[in-house]
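Take the sequences, apply the hints, and build the full model.
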Amino acid sequence: MTIRRRDLLAAGVGAGVLTACGSNTGRGGGGSGPELAQWYHQYGEPGTERAVRRYAAGFKKARVSVQWRPGNYDQQTAAALLTDSGPDVFEVNGPTLDQIRGGQVLDLTELVAKVKDDFNPAVLTPKTHDGRVYAIPQVIDMQMLYYRKSLLEDAGVEPPTTLDALVDAAHRLTGDKVKGLFLGNDGGAGVLGGTPLYAAGFRFVGDDGEVGFDDPAAARTLGKLHRLYADKSLLLGAPSDWADPSAFVQGLTAMQWTGLWALPRVREELGDDFGVLPFPRDGSQGRPSVPVGAYGAAVSARSRHKETAARYVQWLWVERTDYQEDFALSYGFHIPARISLAEKATALKDGPAADAVRFTTDHGYAQPLLWTPASQTAYQDALSRIIKDGAGPERELRAVVRKVSAELDRVKKTS
Amino acid sequence: MRRRGALWFWVFVGPFALGLALFTYVPLLWSVTLSFFDAHNTVTPTRFVGLDNYTAMLRDRAFVDSLRTFLVFTAFIVPVTYVFSLSLALMVNRLRTARAFFRSVFFLPAACSYVVAALIWKMSLFSGVRFGLANSVLGWFGGDPVAWLSTTDPPWYWLVIVTVRLWLQAGFYMILFLAGLQRIDPALYEAAAVDGARPGWTVLRHITLPQLRATSVAVVLLLVINAFQAFDEFYNLLSDARGYPPYARPPLVYLYYTALGQGQNLGLGSAGAVILALVIAVVTLGQARWLRLGRTDADG
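Protein chains in written order, with the working numbering: chain A, 1 to 415; chain B, 416 to 715.
Keep in mind the hints are simulated off the structure, nothing from the lab. Among these hints, one or two may not hold up.
To be verified - If the Cβ cut is set under 8 angstroms, some of the chain B residues that face chain A in the computed set are:
id: 1; residue: GLY420
id: 2; residue: MET538
id: 3; residue: LEU540
id: 4; residue: SER542
id: 5; residue: GLY543
id: 6; residue: ARG657
id: 7; residue: GLY658
id: 8; residue: LEU675
id: 9; residue: GLN679
id: 10; residue: ASN680
To be verified - Pairs of lysine to aspartate or glutamate, EDC-like flavour, derived with a Cα cap of 16 angstroms:
id: 11; chain 1: A; residue 1: LYS232; chain 2: B; residue 2: ASP453
id: 12; chain 1: A; residue 1: LYS413; chain 2: B; residue 2: ASP559
id: 13; chain 1: A; residue 1: LYS177; chain 2: B; residue 2: ASP559
id: 14; chain 1: A; residue 1: LYS116; chain 2: A; residue 2: GLU269
id: 15; chain 1: A; residue 1: LYS413; chain 2: A; residue 2: GLU210
id: 16; chain 1: A; residue 1: LYS232; chain 2: B; residue 2: ASP568
As the list claims (entries may be wrong) - If you only want the chain B side, here are some residues facing chain A, beta carbon under 10 angstroms, derived:
id: 17; residue: THR457
id: 18; residue: THR459
id: 19; residue: SER519
id: 20; residue: GLY558
id: 21; residue: ALA562
Positions of the beta carbon are idealized from the N, C-alpha and C atoms, including for glycine.
Below, the structure is given as C-alpha cells:
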C-alpha cells in the first residue's frame with residue numbers, strides 16, 4: 001500500500017484532535033454512581049495529596065476524582081466556574097461575595113445545620129452571607145510573628161508587645177548579616193493587609209456596614225510601618241517569600257511573619273530557640289491581632305450532580321471527623337475548624353502551638369465578606385506606597401476610603 | 416476544475432480561518448460587548464451600564480498609572496535595545512574569525528523562555544540577600560546589599576526588568592541587523608574611503624545607517640509591539656501570592672488582576688482592554704506615519 005500525502009495529513013489531523021481530547025483527569029476512587037470532580041490547591045506538605053485521594057476513595061455513593069492543581073488556584077477556579085467543565089466540589093479561599101451573588105456556589109446551610117455551633121465562628125462567619133452558609137470550613141490557618149529567642153537575648157531586646165517596640169526591636173536586631181524582621185519580599189504590604197489596622201483597634205468594615213478605618217489614628221499606625229522600611233530593618237529580596245520559614249531558620253532574619261503551617265519545620269530546625277507573638281497592638285484603643293482564614297469546601301452551581309456533590313461534601317467535611325482531624329494535623333499544621341476536634345488535638349496542647357490557638361481565639365480576625373477584591377487591591381496598593389515610598393498615609397488612606405465606600409455601596413445596592 | 420480548486424482552498428484555509436474567527440474575533444467582539452455590561456463573575460451579563468466601565472477605568476488611578484508605566488518603559492527599552500543590538504551586529508560583522516561562534520552565542524538567549532529567565536534574574540542574579548550575584552559583586556567593593564526588586568527609591572527594579580529583556584531580545588535583533596549589514600554593497604564603503612570619509616562615526620552616520628533604514632523600521636516596530644505586550648517578565652519578577660506591587664505594573668498585569676483574578680470584574684477588565692487596544696492602535700498608526708512604513712530605502 002502506498003501512503004499518499006493527503007492520507008498522512010488527514011491522519012495527522014485526526015491524531016491531533018485525539019490528543020487534544022485526552023487529558024489526565026485523575027479519575028479513580030472506589031465508589032459507584034455518578035462521577036464527581038473535586039479540586040484542591042497544591043498543598044506544600046508531603047502526604048496531603050495521597051490523603052485527600054484516600055478520603056475520596058472512601059465515598060461509596062459516587063466516583064470522586066481528585067484534581068490537585070498547582071499554580072494560581074483562585075484564578076483557575078474563578079475561570080472554571082464560568083464554564084460547564086469546572087469542578088463539582090472544590091476548596092475555595094472564599095467564596096467571594098460576587099461568587100455568592102452570582103449564584104456560582106450552592107447554599108450549604110442545611111448540611112451544617114446540626115453542627116453549626118461546633119465550627120469556629122471566626123472562620124464560619126466569612127463563609128456566611130445573609131445567614132446562609134456557602135462553604136464548609138476545612139481547617140483554620142493563621143499567621144503570627146516568629147522570633148529567635150537567642151538573638152533577642154543577645155541584643156537585649158524583649159519580645160515586642162507594641163508596634164513601637166516592634167519597630168525599635170527590628171532596628172536593634174539588624175546587623176551586618178542578619179536583618180531584624182521579614183515581612184515578605186514586598187516589605188509587608190501583601191501579607192500584613194489589615195492586621196496593623198485591627199491591632200490599632202480598627203476594622204475593615206464596621207458593624208454599620210461602613211468603612212471601619214476612616215480615622216487619622218489609622219493613618220498614623222500605617223505610617224509607622226514605613227519606619228521599618230526606612231530604617232533598613234526589613235529583610236527584602238530573600239530567595240523564598242514569607243510563607244516559607246527558610247529565611248528565619250537559615251538565620252537571615254531575627255523575626256519573621258509567617259503561618260502556623262511553618263511551625264513543625266521551625267521546631268525541627270531551631271528546637272526551643274523560638275517563640276511566637278501576635279501582631280503587637282498600637283495606640284490606646286489597640287489590641288494584638290492575628291489574621292485567620294480558612295479554605296472552605298464549596299459546591300459549584302453548575303455541577304451536573306448537585307445533590308450527590310452536596311452529599312459528598314457533607315460526608316467528608318461534616319461527618320467524617322476522623323478524616324478532618326487527619327487532614328488538619330497529620331501533614332501540614334493547621335487548627336481543625338471544628339472546636340470539638342481542636343480541643344482534642346494533643347499537638348496543640350503546649351508550647352508555641354498552644355500560643356497560636358490562644359491567639360486565634362483571643363485576637364483572630366478574618367477578612368469580612370464585604371471586603372471585595374477591588375477594595376483589597378486599593379488598600380494593598382496604598383499600603384505598599386506608604387511602606388516603601390513613604391507616601392503620606394492620610395492622603396493614601398483617604399483615597400482608599402473613597403474607593404472602599406464606593407465598593408460597599410455597590411455590593412449593598414445589588415443585595 | 417475550478418470548483419475543485421475552491422474546495423482545496425477551503426480545506427487548507429478553512430481550519431485557519433475558523434480558528435482565527437473562533438479564538439480571536441469572537442472573543443474580541445465578546446469582550447467589547449462585555450465592556451458595556453456589569454459583568455461580575457459572568458460572561459453572559461444582563462445589566463447594561465453604557466460607558467460606566469470606561470469612565471471608571473479612566474478615573475482609576477492604578478490603571479492610568481499603568482498606562483504611564485508602559486509608555487515610559489517603551490520609550491526606554493526600544494532605543495536601548497536598538498542601540499545595543501546594532502552595536503553587537505556591527506562588532507560581530509567586523510570579525511574575521513569565529514563570526515559564526517559569536518553570532519550563535521549572542522543569539523542563544525533568544526531561545527530562552529521569559530519565565531525561566533525572569534526567575535533566574537529574580538532568584539540568583541538579583542536576589543536581595545548578600546549572596547545574590549549582583550550583591551556579591553557589590554560586596555567585593557564594600558557596598559551594602561541592595562534589595563533590587565523591592566527598592567523603590569532609587570527604582571532598582573527597572574535595572575532588573577530592563578536587563579532581562581535586553582539579554583533575551585538583543586541577540587534576535589542583532590541577527591536582523593547582521594542580515595541588513597551584509598546586504599550593503601561593499602563598493603559604497605570603498606567609494607567613501609576614496610572620497611576621504613574617515614572610518615567610524617562618519618561612515619556609520621552617512622552610509623551604514625541610511626542603508627539599514629528598512630531593517631531599522633522593522634526592528635523598531637517589532638520592539639514597540641513587544642514592549643506593549645510586556646507581561647511575562649514583569650509578572651514573574653514582581654508578583655507574589657498576595658498580588659502585585661503598585662509600581663512597574665503594566666496594563667496587562669493590572670487587567671489580569673481586575674478581570675481574571677479574584678476580582679472577576681470582566682466588564683471593567685474588558686473596558687480596560689479596549690482602551691489599551693485603542694492606545695496601541697493610535698501609537699502604531701502614528702509610528703507608521705512617522706517612520707514612513709512601506710516605503711523602500713530608495714524613497715529615503
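Results for each hint:
Checking B/GLY420 against chain A by beta carbon gives a least distance of about 15 angstroms; that is not within 8 angstroms, so the hint is violated. For the restraint placing B/MET538 at the interface with chain A, the shortest Cβ-Cβ distance is roughly 6 angstroms, inside the 8 angstroms limit, so the hint holds. With a cut of 8 angstroms, the hint placing B/LEU540 at the interface with chain A is violated, because the nearest CB-to-CB distance is about 11 angstroms. At its closest, the beta carbon of B/SER542 sits 6 angstroms from a beta carbon of chain A; the interface hint therefore holds under the 8 angstroms criterion.
At its closest, the beta carbon of B/GLY543 sits 1 angstroms from a beta carbon of chain A; the interface hint therefore holds under the 8 angstroms criterion. Below 8 angstroms, beta-carbon pairs count as interface contacts, and B/ARG657 has one with chain A at about 3 angstroms; its hint therefore holds. The restraint placing B/GLY658 at the interface with chain A holds, with a minimum CB-CB distance near 6 angstroms, inside the 8 angstroms limit. Annotation: interface hint on B/LEU675 holds; nearest CB of chain A at approximately 5 angstroms, less than 8 angstroms.
Of the supplied interface hints, the one on B/GLN679 holds, with its beta-carbon coming within about 5 angstroms of a beta-carbon of chain A, less than 8 angstroms. Nearest Cβ of chain A to the Cβ of B/ASN680: about 7 angstroms, under the 8 angstroms cut. The hint holds. Between the alpha carbons of A/LYS232 and B/ASP453 the distance comes to roughly 45 angstroms, so the proposed pair goes past 16 angstroms and is violated. Among the hinted pairs, A/LYS413 with B/ASP559 is inconsistent with the structure: their alpha-carbon atoms are about 53 angstroms apart, more than 16 angstroms.
Restraint check: the Cα-Cα separation between A/LYS177 and B/ASP559 comes to about 11 angstroms, which is no more than 16 angstroms; the hinted pair holds. Restraint check for A/LYS116 and A/GLU269: the C-alpha separation of about 39 angstroms exceeds 16 angstroms, so the hint is violated. The hinted pair formed by A/LYS413 and A/GLU210 meets the criterion: a straight-line CA distance of about 13 angstroms does not exceed 16 angstroms. For the suggested pair A/LYS232 and B/ASP568, the alpha carbons sit about 13 angstroms apart, so the restraint of at most 16 angstroms is met.
With its C-beta approaching chain A no nearer than about 6 angstroms, B/THR457 sits inside the 10 angstroms limit, and its interface hint holds. Interface restraint check for B/THR459: the shortest CB-CB distance to chain A comes to about 9 angstroms, inside 10 angstroms, so the restraint holds. The interface hint given for B/SER519 is broken, as the beta carbon of that residue sits about 32 angstroms from the closest beta carbon of chain A, more than 10 angstroms. Annotation: B/GLY558 was flagged as interfacial toward chain A, and the flag is violated, the nearest CB pair being 13 angstroms apart, outside 10 angstroms.
For the restraint placing B/ALA562 at the interface with chain A, the shortest Cβ-Cβ distance is roughly 3 angstroms, inside the 10 angstroms limit, so the hint holds.
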